[in-house]
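Trainee: When you get a sec, could you build the whole thing from the sequences and use the hints?
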Amino acid sequence: MPNEISDVQVIHDGWGRFLIAEIRLEDGQLVKREIEDHGNAVGVLAYDPVRRVATLVRQFRAPLFYARKIKDTTEVIAGGVAGDDPEACARREAIEEAGLQLRSLEHVLTGINMPGVSTACIDLYLAEYQEGDRVGEGGGLIEEREDIEVLEVPFKELADMVDQGEIVDLTTAFLVQTLRLKRPELFCRGDADK
1 MPNEISDVQV IHDGWGRFLI AEIRLEDGQL VKREIEDHGN AVGVLAYDPV
51 RRVATLVRQF RAPLFYARKI KDTTEVIAGG VAGDDPEACA RREAIEEAGL
101 QLRSLEHVLT GINMPGVSTA CIDLYLAEYQ EGDRVGEGGG LIEEREDIEV
151 LEVPFKELAD MVDQGEIVDL TTAFLVQTLR LKRPELFCRG DADK
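Just so you know, we're using my numbering here: the sequence shown kicks off at 1 and counts up by one.
Note that these hints are calculated values from the structure, not bench results.
Not one of these hints is a red herring.
Using C-beta positions, here's what the derived DEER-type ranges look like:
1) Gly132 x Arg33: 46 to 56 Å
2) Gln177 x Gly28: 39 to 49 Å
3) Asp147 x Glu26: 43 to 53 Å
4) Leu30 x Glu131: 52 to 62 Å
Derived pair list, reagent style DSSO-like, types lysine-lysine, alpha-carbon separation capped at 30 Å:
5) Lys156 x Lys182
6) Lys156 x Lys71
7) Lys69 x Lys156
Glycine residues also receive a C-beta, built at the ideal position from the N, C-alpha and C atoms.
Mentor: Set out below in structure tokens:
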């Protein structure tokens, strides 16, 4: 007999939904599993290949503060997909969080961050921009109290941040490494950088 879900209880329904699922395993045993059902998301590494910088955001994250006393994290532009297609969401989040109007988006993958806990899938993108594509200040939505700081980080510094473990967000580290593999010339260090 294949695995089947025999019961689901919603124990919290707010910004995220938390469920207890009762699952009948192939051998007939019943087990309970906790599921965080937060919905899908997007993450986009916006970068300017001419000036050799990437736009990242820094913000407070309550779970990291609770678990590790990390005050804030430096991350790619990201957000939840709510009714939009992922590409439209990435474009909206880039304007809200970083004040950037993105040009073409390069889809990297649709991935799952924590398959043992969460239902969320995240669509990851690389997106070029130019200096003139900054159409606002960014900073997030006031009503969501995001209080986002927008950063332009030179590629050399960004690579060092990932290599030294200063970027703790896996989505960000993955997208930076992907860009390094796809466009290594952007990260080449000149003689002055050695």
